[in-house]
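Colleague: Turn these sequences into a full structure, and let the hints steer you where they fit.
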Amino acid sequence: MAKELPGADVAAEAAGGDAFPAAGQPLLRIEAVAKTFGTFRAVAGVSLDIKAGEFFALLGPSGCGKTTLLRMLAGFEAPDEGRILLGGKDIAQALPHERPINMMFQNYALFPHLSVRDNIAFGLKRAGMARADIATRVAEMVALVKLEGLEKRKPDQLSGGQRQRVALARALARRPQLLLLDEPLAALDKKLRENTQGELMELQRRLGMTFIIVTHDQEEAMTMASRIGVMKAGKLAQVASPRELYEAPRSRWIAEFVGDINLFDGESKLRDGHRLVIGTRDAGALVVAEPREPVGAGKFAIAIRPEKVKLSRRAPVSEAGRETAINTLDGVIADICYLGGTTTYKVKLDTGGMLQASVANSARIDVDAYSLNQHVVAWFTPDDCVVLPS
Amino acid sequence: MRKVSRLSRFNIASLALGLAFLYLPILILVLYSFNASRLVTVWGGWSLRWYREFFNDRAMIEAAWMSLRVAASSATIATLLGTLAAVALSRGERFRGRTLFSGMLYAPLVMPEVITGLSLLLLFVALNAERGFWTVTIAHTTLTMCFVAVVVQSRLGSLDRSLEEAAMDLGCNPVRAFVSVTLPLIAPAIVAGWMLAFTLSLDDLVIASFTTGPGSATLPIRIYSEVRLGVKPEINAICTLVIALIAVVIVIASLASKLSSSQGESAAPL
Amino acid sequence: MSSRRIFARPARFAAIAPYVWMALFFLVPFAFVLKISLSQTAIAQPPYEPVFDLTAGWEALKAAFAALSIDNFRLLGSDDIYVFAYVRSLTVAITATALLLLIGYPIAYGMARLPKRWQAVAMVLVIVPFWTSFLIRIYAWINILQHDGLLNQILLALHLVSQPVVWLSTDTAMYIGIVYSYLPFMILPLYATLAKMEPVLEEAASDLGAPPWQVFWLVTFPLSLPGVGAGVLLCFIPIVGEFVIPDLLAGSNSLMIGQTLWLEFFTNKDWPVASAAAIVLLVVLLVPLLLYERLQKRQLEQER
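Protein chains in written order, with this note's numbering: chain U, 1 to 390; chain F, 1 to 270; chain H, 1 to 304.
Bear in mind the hints are in silico, worked out from the structure with no lab data behind them.
Be a bit skeptical, because a hint or two may be false.
To be verified - DEER-style ranges, computed between Cβ atoms:
(1) H:L160 x U:K152: 56 to 64 angstroms
(2) U:A143 x F:A20: 54 to 62 angstroms
(3) H:R294 x F:A129: 54 to 62 angstroms
(4) H:L68 x F:D160: 17 to 25 angstroms
(5) F:S225 x H:A23: 29 to 37 angstroms
(6) H:V283 x F:I12: 43 to 51 angstroms
(7) U:A127 x H:F84: 51 to 59 angstroms
(8) H:M197 x U:G208: 33 to 41 angstroms
Computed from a prediction, not measured in an experiment: that's the story for all the values here.
Note that beta-carbon positions come from the ideal geometry of N, C-alpha and C, so glycine has one too.
Modeller: This is the structure:
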């Protein structure tokens, strides 16, 4: 399903036609793009606007079509339907070498027979740049990714991190209007990946370029991107900022895909001002804040992130007077998972369901720790609950 | 799934033309072997006449029998020796004379046959050996064991060595580990090696010409002397029979290798 | 101690039998070729002298050594027939190898671009003709190329020629025969390197602005050079010494060295000169042979 365009973008489209739109205006417009391989519909009608200067992430499980979408942007696949507009010009059928778009490949795809310098200069030579300019630009790029002194090495003489930098420099050298990154950090180990994430963001901000990254790693997408498009079965399920995606997922699937979540199915029972009371099978009646877009009666799922759930030995006294103000659920600790910074408890509710609570280990000594089979009260506010269509 | 075919029209055309080039001459030959007409180029209807003629040609039959015996025995000895050589090269690490050994094994693969044939003949003459079945068999073994060694070595090289280590971990000594784990896994390659040796031997003209003696011609030698005199329809029939024989060998061997290895890997690099 | 070491000892024992065999039937014969190339022709059995007779004592042996000469090599160098034969062998081999590369590369490239499961089929299709007899394949072409053969019949029927073209006993026929016989040897190593190459490299090149022909010349071709080298050597070396194909398909006015050697040996019964010709042929091929051996070894070692 296509995401509705925000008003600002519609205005920008009216003013469109510029070859290189200014920051804030859509640089790339994907219109109802679809691609089928045999009987498999890899991308099933995706519409999306990307503004110049954005760091956009396409997130999704493997096989969701995110890589196919990226490859259509690069020109390795031609869409069966729809248009791809770059700066107002339809490039859907243009060949890869004709597009002002470059890509950083998943396993870098460095040319093994060329040195670091020749790899970086490859695209510049194809652009017919003067020899001296190429030398300057290559030197600039080498400095940018901190590879000084390694220019003459061949790719197989570099470490994984160094290869990643060469790939980045090579893709950036042509100063593309749009840089595509296909799982750029997947081949690095965890520590190096975290450092590189920071460097990539730094670089993107400094160069003011537009990045589109494809990843299956939600943490990576959350950390780096200013906007995330979550794909499922060839469609965009939601396009939102990392925070919105996490706190206000639009569907049950997204809520479950991004981060951990407690879900309770139920039916709306009564409305109390801006609050709804929803009867659930596993957690009894829950009071939730009414979502921004009003919902009618019917079946819903209530979602609560584990870190929003508090645990205590007794019900909170301050809220005891206002029955409907807070959700309190009694239960016993069924499972404990210590993760260092946090501990995840699974609480078996007296009402029958299971509830996950993630508690920050804010003190070194285990004052707050609960033990197995201990009776606890789990509580959370109506605002911590997300109401999702069931 | 997301990989589309990168086949261009040029690719398809070159493949089609290439395969046509490789197969048409053979198909034409097979077709003409069933030609009733004595004139090779005029189609006179279907007939098995030339096959009958071949089976009545005692000299040809004798030559064919000689070729089959040489091919079978030289392929068997070559498979044994070639497999041993492959094991030594791929599992022996460094040993004295290794360079010379591998050099001797790779050189005959491309060495012009006239040289190999000539040198072996001179040896047999010097040893005063009676030339015939055994000298040709020895000569063919020398050539074909190198092919077997390469085929088997390539399979050994691609084998996961942790399998042998696992066998040892489970209580096998090295020889035992090799026999019970490695050998079954390289069996398809050994079968392919034998086939290759068999057909190479059946095919050889030059080395056999040098190393055989009077009265014991192989099939290629007979065919060659006939062909030099001009095209004869009987040759078409013989060639078709040889092609059929080789086709049967290939089918049997590929079935055997499919049965023995469920990985479905083709072992022959050639 | 690594498991590799544990394996090495019994594995080395496996070398003994093939080692002895190859030394006896590959290395020692070359000593005989060398020795006889330095001997004189004689009308005797064997048709050369001196014959080393180890029972004749030291003096006789010394005399035999003294009788060795390099006359045969002088003959090879001074007689135009031999010089021409060597030059022709090299020319034919170079031309044929170039043709093979030109024809084989597009086929190998096409194979490498097929979907995976079709690649295996294509490979079998290329190998199968190699299994059918070499002589048969040449004979098949004689059938086609002869005076009233299929090719001439087609050309006449299409009115492309007014009378039959002479194909047999020409260089054209020989080149057709060589290309036909050696094509699998060229295609397979080329295909092996092209199939191993990651398609994403070609995509990267085109992403960086290279049009298809540049993608090919700047990335695909340079990366396939090991395969080109293997294919070229695998064809070039045996073609230089080729005997059957020129004998059956080319004219008899200019001979290749393999034919000359055969002629000296079987027709003229001049074993010493034939041996000398073989030695010279070997020397000519030494560099490509060594190159090939190194390539083959490196390839097999890489697979470990």
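Colleague: Is 33 to 41 angstroms a correct range for the gap between the Cβ atoms of H:M197 and U:G208?
Modeller: holds (36 angstroms)
Colleague: At the C-beta level, are F:S225 and H:A23 separated by a distance inside 29 to 37 angstroms?
Modeller: With a Cβ separation near 34 angstroms, F:S225 and H:A23 satisfy 29 to 37 angstroms, so the hint holds.
Colleague: Using the C-beta atoms of H:R294 and F:A129, is the stated range 54 to 62 angstroms upheld?
Modeller: violated (35 angstroms)
Colleague: Could one say that the CB atoms of H:L160 and U:K152 fall in the range 56 to 64 angstroms?
Modeller: holds (57 angstroms)
Colleague: Assuming the hint says 54 to 62 angstroms, is it satisfied by the Cβ distance from U:A143 to F:A20 or not?
Modeller: Holds, at about 56 angstroms.
Colleague: In this structure, is the beta-carbon distance linking U:A127 and H:F84 contained in 51 to 59 angstroms?
Modeller: Because 53 angstroms falls inside the window, the suggested range holds.
Colleague: In this structure, is the beta-carbon distance linking H:L68 and F:D160 contained in 17 to 25 angstroms?
Modeller: Once the Cβ atoms are compared, 55 angstroms apart, the range 17 to 25 angstroms for F:D160 and H:L68 is violated.
Colleague: Please test the hint of 43 to 51 angstroms on the beta carbon pair from H:V283 and F:I12.
Modeller: holds (45 angstroms)
Of the numbered hints stated above, those contradicted by the structure are hints 3 and 4, listed in ascending order.
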